[in-house]
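2 protein chains.
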Amino acid sequence: MNRKATVGVDVGGTNTAIGIVDALGNVLAKDNIDTPSHGDIAQYITDLSNAIKALIKSVQLVNSEIVVLGIGVGAPNGNYYNGTIEYAPNLSFRGIVHFVSLLKEKFPDMEYVALTNDANAAAIGEMIYGGAKDMKNFVMYTLGTGVGSGLVVNGDLVYGADGFAGECGHTTLIPGGRSCGCGAKGHLEAYCSAPGMRRTAFEIMVRDNATDSMLADKSFKELSSKMIYDAAVKGDKVALEVFEQTGKWLGQGLADTVHHLSPEAVFLFGGPTAAGDYIFKPTKESMEAHLLPIFKGKIKILPSQLNPGDAAIVGASALVWKEMEK
Amino acid sequence: MNRKATVGVDVGGTNTAIGIVDALGNVLAKDNIDTPSHGDIAQYITDLSNAIKALIKSVQLVNSEIVVLGIGVGAPNGNYYNGTIEYAPNLSFRGIVHFVSLLKEKFPDMEYVALTNDANAAAIGEMIYGGAKDMKNFVMYTLGTGVGSGLVVNGDLVYGADGFAGECGHTTLIPGGRSCGCGAKGHLEAYCSAPGMRRTAFEIMVRDNATDSMLADKSFKELSSKMIYDAAVKGDKVALEVFEQTGKWLGQGLADTVHHLSPEAVFLFGGPTAAGDYIFKPTKESMEAHLLPIFKGKIKILPSQLNPGDAAIVGASALVWKEMEK
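Top to bottom, those sequences are chains V and E.
Numbering of the first sequence is given in my numbering, commencing with residue 1028 and proceeding in unit increments.
Numbering of the second sequence is given in my numbering, commencing with residue 1028 and proceeding in unit increments.
Be careful, since some hints might not be right.
You can't tell identical chains apart in this list, so a pair holds if it fits in one copy or across any two.
Pairs of lysine to aspartate or glutamate, EDC-like flavour, derived with a Cα cap of 20 Å [said to hold, decoys possible]:
| # | residue 1 | residue 2 |
| --- | --- | --- |
| 1 | 1084 | 1291 |
| 2 | 1212 | 1315 |
| 3 | 1212 | 1230 |
| 4 | 1084 | 1132 |
| 5 | 1160 | 1189 |
| 6 | 1327 | 1189 |
| 7 | 1264 | 1304 |
| 8 | 1325 | 1113 |
| 9 | 1084 | 1074 |
| 10 | 1163 | 1189 |
Since the hints were made in silico from the structure, they are not lab data.
Modelling step: build the complete structure from the supplied sequences, incorporating the hints.
Here it is as structure tokens:
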């Protein structure tokens, strides 16, 4: 019996991760190449293709029955409709990159090559391999350097008119509030991302002049959400309040999404979710407080079931299975 | 050649409107009955069915070739999946009313009987007969006593996991802000509905002690959005600021919806939209200011193309055509 697998590629700012993933979401083999800083897309596609081909070869040497069905790519500012990466601020490639066409030239026999953004890939990964297997309507929020989201309605990812739907990190949480990386003010991402939590920690230390906090000996640049978590576990008041406040903000944003889409569940993914109840509990309480009575008590907030280390490539690989359903 | 038509029923708090609508959205005949205050659903369904039957008869007397294909119902708290009206605060029927089943008992030969809430019906009406005929992804906001919304993704209305999706009027605009009818604080509906505009007018008069405003001789109870519009046309400063401010708020809310769904257009429907540029211009400016660069300049804000007088029954009737597509 042959064993079907797909390739998942995660294009990050400095590193591109590649994996061969089986139908259950197990990573059979993985590799990394640099995402170039030189902006030479042709060279990068050649390097990436060679790395993918070598990786396919390596798994087939172990098991000659493995058949690779397609390549799924997760990339910042990835546009599913056009197979393009468009004006990604953290990549060295300028303008619009026709990623899927370029990759198809290197894999003329590969039937399925598709691309989407990283948060959408995470949502599809959750649907194909993870906790959303039996759900037709759910939402994925990814908390990290930014806040991304992927929305699923009637079993399909929402791409919208131009392929860029699901930018819930850029909904307005506090009118006129903190500056957001996108140039606007008060967006959810400025509060609920890992850097948002750092801003909150310093905001609280400033307000309380909290020189006794465990976080008070860290520079603004070095303070991470992991450090805030470690301090919260040890009972640090500032750190505990950061989680309380982040949950309040996130819950408000999730309620807005629930009022749009009436999902069965909201999945949370990313570094800050490792804090468990510290973040889930206040988020749930705040979401409930903001919901209409018809939604209260109905919407689950769940941790992603994808393995954090592999989620990006696993999510990207899931895109191929989703394509095959069509 | 026979002429196909559908029945649209709009269940309002005190009045139920019924219309026979042709495939182009023309109302061939219409009638009204009281929505009862006595809560007797069996009697109401009997009265409604008799009125529908009489109306069908009347159009068939004029043109014997008219064939009625189904009945579409728009109702507050209408649940499409269950065909129910659930805990509608402004209706006298308590709890969950199995409206579609009850109506089908009276029309055993009618293949299509379906129900949704009024804002969803307006969105479907726009898609079948109105300005969204060629759109697969758009959003409808209805501004009136409340703010409703209907969301269309890939050509289908979004109902979500439980049938109640599209409650954008209850997204949070101002954290901790004005009390909303639903019990929460700061929801968009408390700012952008007609009563929200009244609150804004008085808020401005209070701030400026504006006894010279044309709105200053109206009681809090009697001031309507139409009066605010009439005063704005005459150059009243308070009234003009109400529209500016309402547009700012509405644009912020629309941007949140755009960031979720990436629609091709947002349609606005309802009394306050009659003010044209007074409301559309600041709304557009504010939406643009809140959008990510990838969305800027792309999203149209359009007035609904449905005739305001008939939109509720026309929208409800469109539900039948949508059902027939399935």
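Now the hints, each set against the structure:
no. : hint        : result
1   : 1084 x 1291 : neither (41 Å within a copy, 44 Å between copies)
2   : 1212 x 1315 : between (25 Å within a copy, 13 Å between copies)
3   : 1212 x 1230 : within (17 Å within a copy, 25 Å between copies)
4   : 1084 x 1132 : within (19 Å within a copy, 65 Å between copies)
5   : 1160 x 1189 : between (27 Å within a copy, 18 Å between copies)
6   : 1327 x 1189 : between (29 Å within a copy, 13 Å between copies)
7   : 1264 x 1304 : within (16 Å within a copy, 51 Å between copies)
8   : 1325 x 1113 : between (37 Å within a copy, 15 Å between copies)
9   : 1084 x 1074 : within (15 Å within a copy, 73 Å between copies)
10  : 1163 x 1189 : between (22 Å within a copy, 11 Å between copies)
When held up to the earlier numbered hints, the structure conflicts with hint 1 and nothing else.
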